[in-house]
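Visitor: One-letter residues, chain by chain:
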Amino acid sequence: MGELEALPDATPAVVPPVRRTLHFGAGPEWSLSQLGATAASMGGVLVYLASLHLAAGGFDSLWWALVLLPLLTMAWAGSAAPLVYWALLLYGWFTLSPAGGFSWWSLPAAAGCIVAHAATALSASSPPAGSFTARTAGRWARHTAVALLAAVPVAVLAGVLSGLSLGIAPAAYVLGLGGVAVGLWLLRTSPPAQHE
Amino acid sequence: MPAWRPRQVVTRRLGGWEPTAAHQRAVILAAAGAIAAVLGRRADLLVIVTPLVVAAVWGHLARPRTEVTGTARLGDTTLREGAATGLRVTTEPALTDVHGVVTVAQAPWVERKPSSGIVELEDGVAALGLRSTRWGRRRVGTVSIALASTWGAFRTGPVDLPDLESATLPVPAAFDASAPTPHPRGIVGLNRSNRPGSGSEFNTIRPFHPGDRLRRIHWPISMRTGALHVTSTFTDEDAHLFLLVDCFSDLGPREGIDGRPTSLDVTVRAAGAISEHFLRSNDRLTLRTVGAAEVPVLGVGSGTNHLRRVLDTLAAISPATERRDTGEQAVRGIDPMALCLVLSPLIDPTMVGLAHRLAARGMTVVVVDTFPEHLVTDPGNVYQSLAWRMRLLSRDAEVHSLRQRGVPVVPWRGPGSLDLVLRDIARRASAPRMARR
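As you go down the protein sequences, you meet chains V and F in turn. All residue numbers for the first sequence refer to the numbering used here, where the first residue is 23 and numbers rise by one. All residue numbers for the second sequence refer to the numbering used here, where the first residue is 14 and numbers rise by one.
Don't read these hints as lab results, they were simulated from the structure. Accuracy of the hints is not assured; some may be wrong.
Taking CB as the label site, the calculated pair distances span [to be verified]:
1. F:Asp173 to V:Trp98: 21 to 29 angstroms
2. V:Arg42 to F:Glu178: 31 to 39 angstroms
3. F:Pro121 to V:Trp98: 24 to 32 angstroms
4. F:Val172 to V:Arg42: 27 to 35 angstroms
5. F:Glu178 to V:Gly160: 36 to 44 angstroms
6. V:Trp98 to F:Thr24: 30 to 38 angstroms
7. V:Phe81 to F:Thr24: 52 to 60 angstroms
Beta carbons: idealized from backbone N, C-alpha and C, even for Gly.
This is chain V alone, in the form it adopts within the complex (with noise of 0.2 angstroms):
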């Protein structure tokens, strides 16, 4: 009977655990993790649109319409589509904030840019009905709260710089630039690898 007891035994059958998802007509199916991924997404837009709505003094109220766009854009998360509207919001701030000065909102935007960032590229790395692990979302937490950390200072030396005429802006242009041109050169890619 040796055989005969090592054929795999059926095993009864196990109840999978509820595993929540949802719908959007006949699309794919979305698990709660990348729901909230697109909700962190649009919390993000939406501190960013209330910071600039302070710093400018108020805008059209048609603005307030694009915190819905990474909920309209949520299956294309990892296209150009969060780099069209994300250009769209912040050349909102260059044209809307006044310009010459400095607004200590621009902090608590750059937290909701940063914040949306790091939520839709989240959402991209994982297909809809994915779900991220406490670990992840930890790990992809403390990436956007060290990357934010960088503002503040930037911030802080911009505040103080801002009310004094230090006639140091053609310095300030070149320094500007050449940074610019120096992370440019950095953040290039490399010819992507032949595929064999």
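Starting from the known structure of chain V, arrange chain F on it as the hints suggest.
Guide: Here is chain F on its own, set in the frame of chain V:
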């Protein structure tokens, strides 16, 4: 706890790392924002894009530079219906701070746990559960791996690993038969013969002969009579069973082990149950299929190894893949003393014709009707049930013609399905019969 012993391993290199849309977004927004801030003297804009600059630089500096290899290991390649096994996916080297996702595509009759088939890699390892819900040979859903580096800046994959294959053996239905198998003539089985000899069935008590085993001595009789007496037995014999499986028809919805069976489910599970019962009794068994392509030919055999081969053969059946099969090959070279069991829902006329042909050869034939009853009693589909009842009415004429020829047709009911008919056959074999002199 038993050690993890993978039965099938596949591996593939995931390829190079390429920048993602998220990284390009961070770079473009950071660069454009910084330039606009410097040129437009907008310090607040510089503050806003500073975290994006950090994300872009961090993502670039933390870019993985090693090529990763993905490996999937399947725990068991042979399962029983309803049984589960594990799938373990690993990446080498296991990179830190990399977000990895393993996806197992949906495949028929394979349940994934988690049901989405998507699992995150933790320290380069992910584990999923797979449960097979129907007999047959099939591929487990394609396993694909995708890795994203810090900040989702660079990505490799998703890359599909080579397919993993598994065989699911039918779970034999419950079956038992207390009636003897007709025409035993071997020497190793459990069927009683009419010849005295070494066996387990009591025959008589007789005087001791030289050569008798001492353990056979019946001491009470020997003491009473003053002469040695021994217990004699009938010899045990094995019979030959020939199973003919109808693969033309697979009637009813395919719902797997947890749902209602199709006709082929009933047929295959009944064949497994009958094989298990008779092979445990050391009888010889031949299995042939009709109507299925690429089913390996199984010779005569006995014992538990042969049972494994029978179940493997049953798992290889694909219904109605050889419509032109007339069954000629299947019924060729059969032992004339074999008990022929034809398992069929009797919908395809070929099987009825084969049962007639076997009976015409003078063989002992029993047709086991494997038509699933739920097809005619399905309250959810009244018209389909009605259609099946009409089809069964027309089938009754064929069943009647078989009975007229002396071929019993018994519905499959599990344990005891064949008892009555086998006893009838044994009684018929021992009854006086007219013979031509």
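Visitor: Now look at each hint and say whether the structure bears it out.
Guide: A quick look at each hint next to the structure:
no.: 1; hint: F:Asp173 to V:Trp98: 21 to 29 angstroms; result: 23 angstroms, holds
no.: 2; hint: V:Arg42 to F:Glu178: 31 to 39 angstroms; result: 33 angstroms, holds
no.: 3; hint: F:Pro121 to V:Trp98: 24 to 32 angstroms; result: 31 angstroms, holds
no.: 4; hint: F:Val172 to V:Arg42: 27 to 35 angstroms; result: 29 angstroms, holds
no.: 5; hint: F:Glu178 to V:Gly160: 36 to 44 angstroms; result: 38 angstroms, holds
no.: 6; hint: V:Trp98 to F:Thr24: 30 to 38 angstroms; result: 33 angstroms, holds
no.: 7; hint: V:Phe81 to F:Thr24: 52 to 60 angstroms; result: 56 angstroms, holds
In terms of the numbered hints stated before, the structure departs from none.
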